[in-house]
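Heads up: the sequence lines are chains A and L, in that order. Read in order, the letters of the first sequence are residues 85 to 403 in my numbering. Read in order, the letters of the second sequence are residues 2 to 305 in my numbering.
In silico BS3-like pairs for lysine-lysine, Cα to Cα no more than 30 Å straight-line: (1) K290/L / K348/A; (2) K236/L / K271/L; (3) K194/A / K320/A; (4) K320/A / K290/L; (5) K120/A / K248/L; (6) K36/L / K290/L; (7) K155/A / K40/L; (8) K236/L / K131/L; (9) K290/L / K120/A; (10) K120/A / K155/A.
Here are a few chain A residues that face chain L, going by a calculated C-beta distance under 8 Å: (11) R158; (12) Y327; (13) D330; (14) H331; (15) M332; (16) D333; (17) M356; (18) N357.
Keep in mind the hints are simulated off the structure, nothing from the lab. Ideal Cβ positions, reconstructed from N, Cα and C, are used throughout, including at glycine.
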Amino acid sequence: MSTTTINKETAKAPKLESVQSNGKPKTRLEILKTYKIYIGGKFPRTESGRYYSPENAAKEKLANVCLSSRKDFREAVVAARNAQGDWGSRAAFNRGQILYRIAEMLEGRKAQFIEELMKQDATKEDAENEVVLSIDRLIYYAGWCDKFQQLYSSVNPVASSHFNFSVPEPTGVVSVIAPQSNSLLGMVSVIAPVIAGGNTCVVLASFSKPLCAVTFAEVLNSSDVPGGVINILTGKISEIISYFADHMDVNAIVFCEDDAVTQKMIQEKAAMNIKRVVLYNKINWQTENGQSPYFIMDTQEIKTTWHPIENIGGAKAGY
Amino acid sequence: MAAATIAVPDFSLSPRVDQVGIEERAARFTKRSIKKETKINGLLLTLNMIDLTTLEGKDSEGKVKQMCYKAKHLLDIYPGLPTVAAVCVYPSMVKTAKKAVEGSGVKVASVATGFPSGQAPHKVKIADTKFAVAQGADEVDMVISRGKFLEGEYNFVFDEIASIKEACGDTRLKVILETGELVTFDKVRKASDIAMYAGADFIKTSTGKVTPAATMPVTLVMLEAIRDFYYKTGKMIGMKPAGGISKSKLALHYLVMLNEILGEEWMNNKWFRFGASSLANDVLMQLMKEKTGVYQGRDYFSLD
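Just chain L, same shape as in the assembly:
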């Protein structure tokens, strides 16, 4: 509905991206020195932005329950820790997850639309989405049809996102571009623009099933697309880099980038998420290191 009031531009006019410039700019964010209290606050914020994810063929109810427990009890010996933002599961696990995180404030995100390839008939994608929503998902993570996008069928991609958004209703929609398959930054920029104008609430880099997944340069391209969209329409869009972010230091670099490109309004889990499974433990280890002064070992943290 919001999309209806926004004039849809000609996507062939999406700005071209200077690859060398983007890569150098992204590299510069990694040069900031973040220590002591600032580091601790950054790490706590990182924890609070994590979408704890399990998207395996072998996922079982037990596995999902275990992950949900971890989402609520990251490290009980460390008082005052936030919970993660959400757990991210397959539609068939939404009910289990929803029950497991009840009352904790942790949201349940569900992938849908034939994740991860997106090669399912339109009807199935809509049904998949509606099922996830009916099961109680707070957020839906959809994948775009990369094949159609690369063929140049931008209208198809646009319409598909719009119809999924319609199927979602009030449920927040994250659109996965799968940047690892889009090849160039120009295409990433174009796909971001299409997704945002079609009604995405969030744009997300990757499924986590394709390498490369999230990288800083590609995230920077998407953040700039969000910024330009905000300037044009006044509407805020969220960002979720996913896959490949498993170290705290890298997460802090992403936060620096977020702050410098989009500013403080985006610095919370309503507008920024990390899609990750092993990042949480690394952040916890760093927090314990800051608290105790002693380097930590994996033996003393939960298994992922």
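Only chain A is shown next, with the shape it has when bound in the complex:
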């Protein structure tokens, strides 16, 4: 060995053992994660090629995050629309199983989410609390998947020979602006009821705290959720919200900020194709108020069926 000529390239590099032995001289460059968006079960970069670098309170750069454009939104809606037929017509029980599976996967990656939340200014206690609540919320809606229908369906008395009943059905593709003030719990709390009801969605994550949203997409990708059911974009609300509100192939929009001007704009644009507009003002997602089967009903349509029946034995119709 000593007689061989020294390779100038490798001579200065520390030996492999010296790095691994005590772990003190950290010469290894860490591999940083690329935070990409999630469309149709894939992780593309934004079509626009733009990014932004959110910082935490200590002015530390969190990551380079995609600044999504309207074309990313357009692609996401196409993916959501293509996925909607299959997702909406699955057995409700199966949707419940899949929501449960998301919770299982999230449980397994708790530590990563806690770390990311702490990077984004949460205390350890708050971070742990937020992740646990998010998991529990998924379980909560997993349970409701095949039960809310019984609650909100009805058999209606009518004055003719018809069996008349009303049942909730998914409204279709829902665009969601996730709560901006928190990173994980808010997003989970608004997505879960939307997909529990058989809708598919395109979600805009928190602008200032986007890390957990992208990592959550990785959880979704490994938990039996068909591609396109949930699509997650990162970016600026002001830049793309008008497209969330006026896209003709979107059937409902969920907006969680207490911002009267934007709310008015959404309502005006949504009127074009009579989108369902769901506004969640000042809801504290940390509490019991942040979960309810009524949230599922916010993105459902009621279908009423008139089924002709024989007038048996002169019995009057009317339950």
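Given chain A's structure and the hints, the job is docking chain L onto it.
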């Protein structure tokens, strides 16, 4: 008759095609940026070049009438839209279609010669063609005998096309090569040459029943064959890619390719057609997007 004045070359001398070169050249057409007014004009031209097609076993008179209505009224809320170029149906539906598009300028094209396989006796093919013409078809789309072609029976294929052309009379004849079954670009080039010298007015890629159907590289090979034929004989031949073109953006790429290979003379529905059924709605959605500034949804357009 025109063919009689043109010396038929030795088809074994048809040029070989460089596959890598063709694919790269075709890919380059997709890099052009077409926006705003140019895009709108391109989309309107695309609409006007569409052969709205229904070729299903389950086709009924009602289905054909519905399609013909769509051919005439693509989107009534958008004033000034052109109609499509033609509707394309089976021979048994020609009469229905002809009546339904009467007076609108939309032509009726009929497939014939044992479409889509082309595995019918010669007599039946001729009878099929004559029937379509007698029913009033303005254009006939025939399929070549791919089996014979792949066996190397080029004379058989040539004679067959020539006899169908004769049966067509003045009716324009489109010859479907079914490129998805021809395997190589060399064979596509040879089949194009044979079809053109045998009297085709149009050459067409596919039936739409075989994948791959129309692709940009294969269309490029055929466009180059048309160009070479034009240089040699001075006769213009039309081109119709069919099957698999369902997005406006792709259609615009085809138009770019057409313009760069054959030039402006071919940029109209006399010399270029898209065989498609779902392309029209996508083009309409893009046009409405340009007009209103709002992304469109399928719910607001007719069903295909």
